[in-house]
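> Protein chains in written order, with my numbering: chain A, 6 to 401; chain B, 129 to 529.
Worth flagging that the hints you see were computed from the coordinates, not collected in a lab.
None of these values were measured; they are calculated from a predicted model.
Backbone N, C-alpha and C fix where the C-beta goes; we use that ideal spot for every residue, glycine too.
Just to be clear, a hint being listed does not mean it is correct.
[Claimed, not checked] The list that follows gives simulated cross-link-like pairs (lysine-lysine, BS3-like), each with its CA atoms no further than 25 Å apart:
#, chain 1, residue 1, chain 2, residue 2
1, A, Lys274, B, Lys447
2, B, Lys521, A, Lys274
3, A, Lys15, B, Lys130
4, B, Lys447, A, Lys15
5, A, Lys274, B, Lys524
6, B, Lys274, B, Lys245
[Claimed, not checked] Listed next, with one range per pair, are the computed distances between beta-carbon atoms:
#, chain 1, residue 1, chain 2, residue 2, range
7, A, Ala230, B, Asn149, 55 to 63 Å
8, A, Gly329, B, Gly472, 31 to 39 Å
9, B, Lys181, A, Ala351, 45 to 53 Å
10, B, Arg139, A, Ala319, 20 to 28 Å
11, B, Lys403, A, Gly323, 52 to 60 Å
12, B, Lys403, A, Ala230, 42 to 50 Å
[Claimed, not checked] Here are some of the chain B residues that sit facing chain A, going by a computed Cβ distance under 7 Å:
#, residue
13, Lys425
14, Met432
15, Ile512
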Amino acid sequence: MEFAFTDEQKMIQDTAESFLAEVSTSEAIRKAMASEEGYDTELWQTVCTDLYWQAIHIPEQYGGMGLGYVELVAMLEQMGRFLFCSPFYSTVCLATNALLVAGTDEQKEKYLPRICEGMTATLAFTGEQAGKRGGDWSADSVQATVAKDGDSFVLNGTLRYVPDGLTSDLLIIAARTEGSIGKDGISLFTVPADHTGITRNLLPTMDQTRKQGEVILENVTLPSAALMGEEGKGWKPLAKVIDLATIALAAEQMGGAQQIMDITVEYTKERVQFNRTIASFQSIKHKAADMMTRVEVARSAVYYAACVAQEALAAELGVDSDNGFSTELSEAASVAKSYCSDTYFANAGDGLQMHGGVGFTWEYDVHLYFKRAKASEHFLGNGAYHRERIAQIILD
Amino acid sequence: MKLSFSPEDERFREEVAQWLNDNLTGEFEKVRFRGGPGDEHMFQEERHAWEKKLAEGGWTCIGWPTEFGGRASSIEQQVIFNEEYARAGGPGRVGHIGEGLAGPTIIAFGSQEQKEKYLPGIVNGTELWCQGYSEPGAGSDLANVKTKARFDEEKGKWVINGQKVWTSLAHESDFCFVIARTDPDSVAHKGLGFFLVKMDQPGVEVRPIEQITGTSEFNEVFFDDAECDANDIVGEPGDGWKVAMGLLGFERGVSTLGQQMQFQNELNEVVRIAKENGAAQDPVIRQRIAQSHAELKIMRYNSMRMLSGQSGSDGSLQKEALIYKLFWATWHRSLGELAMDVMGPESQILDPGQYELNRLQSMYLFTRSDTIYGGTNQIQRNIIAERGLGMPKEPKITAKT
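Pulled out of the complex, with its shape left as it was, chain A reads as follows:
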């Protein structure tokens, strides 16, 4: 059985780990948090030029490394561990996936090589509906509108919760034909962020390690070449992109859950009370054991989902490596995201508690994980949202 990393995959993981341990220190994270971009632009350039991470799963014909989702997930796990502040998630997991799944050949040829060169990009698909009912990331959350004007498309509306929405060079935008509802009438567009009619605002966030933006569209007029795929038939590919991005986020969450556990366990081995390290108390050990159990289960969930994503994406790109799992993509995404969301938050919460008073301070890094855990939980649907999706598959 080969449900384990290959040597090459292990190497990718190790490289990411040692690089990020060096550059994404507590000090570096805090500096990035305070900046307007939310990340160190020089460091990002270094990553793009020297490590070429942004090109990891872009096919070689577009100048990418042509690796798969398992390799991508191995890297994301480390980024989650070290709270790496960068436009990697928005560019690679949102926009690149959108281009790969929904883009026309011309769009792929135009934009994928630019992403390989370091252009940033993101996906903006949700209106304020995403913030309703505790988080609604279904087709109903697509609320920006599109109208036809001759050969052109005119977009209007406000998009919220857009990762790196303020800084991305390219926007992939979802909009619906006026009057359409649900999964019908949705179209996807590639839009340069500096296009006339676009206003972008920063949404100040509790978690400062990943910036979110608001994108306001006022009669943004696009040529037909900006349309991705078929007009009005955008939900199917978009749903796939969201599932892929959801699995990527789950990998980050698992890495974060691992790290907050490691930090916490180290702390309990040093902290002495009643003449013993607090790590020697069963009340602490049992909490730590539960943290490890959750992390390992989360890891199994993420690796499973990554393999499914790998097959689904390969099928999308016309590469034949499908063993029949690609149809499980949306279930796998919900399995991974529901478990990893709850795991990360539970571990961050327990980690804070086990730190005692210092866990409540700004100085210790615990709060960074605690906040990131909640932010990630609520992006692309929390545990309850994804469990309901699973329930629909097995109960309805």
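Once you've looked at the hints, dock chain B against the given chain A.
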């Protein structure tokens, strides 16, 4: 990293499924899906006959080396066998303690004479084994063994006195492997011996334990001057703990996917009832069923990780294996609760007769033992924290003698 088995293994899967399909018929039809955990007291005679049938087909002890009557099947094929066995509704194996525990221990630590004497009976399904570890005072504290073995020079035999508890299948077993103290002055894991004891003798008495389910699968076993041949100690006196711990290392997780197939059958039953009685429309029940489904799915891939990983040369468990017992036991217990909550007040009504529990009622009660036997959840957490995270052991309180 791959989700699937090799084409060769898939062909093996078809072979197993075909054989089971052809043979789980006629007189064996009624034992399908019976005799598993919580149901082990049922159809014992028929299941013993089935064990021999399996042996005829060459489907017992498939992971054992061929020189001892096995097939030397790979881990993957053992997993597949277990999975297909469960899928087909193969009954709870009466020979599993012999095949999974006694046999591998004898192969690893036993003498040539012991191998010749005991292994064939396990392979051909004729001789059944039970396990004599736990005692009234040795539960989680397994090394606190009080049962004593003394060598009687006159008889030339070991003489055993003491009591074991939670011994499943004891009343129909031919042999029991027993840990007993060979050095009366020793404490904890020192001074123990590992004995192969014949059950059918005047010095051995079996008393069933009536469980929470009203049934009796477990027993107490009393040793009152029970005798054991001089050649039937495995290893030397004093080696007992080493042998017993070695035995725990034989579990490589090959049975986990089969066990999960049973879990899936139970969950399917819960889903069926929920759809039928409308519980499937309740948002809270929907959340719980979805969670149960998701975690069972993950459990499968956690097992795949366990089976794909390199086994530590020192026998140490990988992290995904360390957490496995705590995870599945807790999951299964929650499924029992979910089953009751899906059935609502109807869950409390039994079939007419002598405390006749249906399958899910029985599962609900029986799963309370999952988080206790084989290392309680509390013990599991200690093990995870100490071995997985390197946290310190509890300070020892030394008993004054």
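> Under the constraints set out in the numbered hints, which ones does this structure not fulfil?
Result: hints 6, 11 break, sorted rising.
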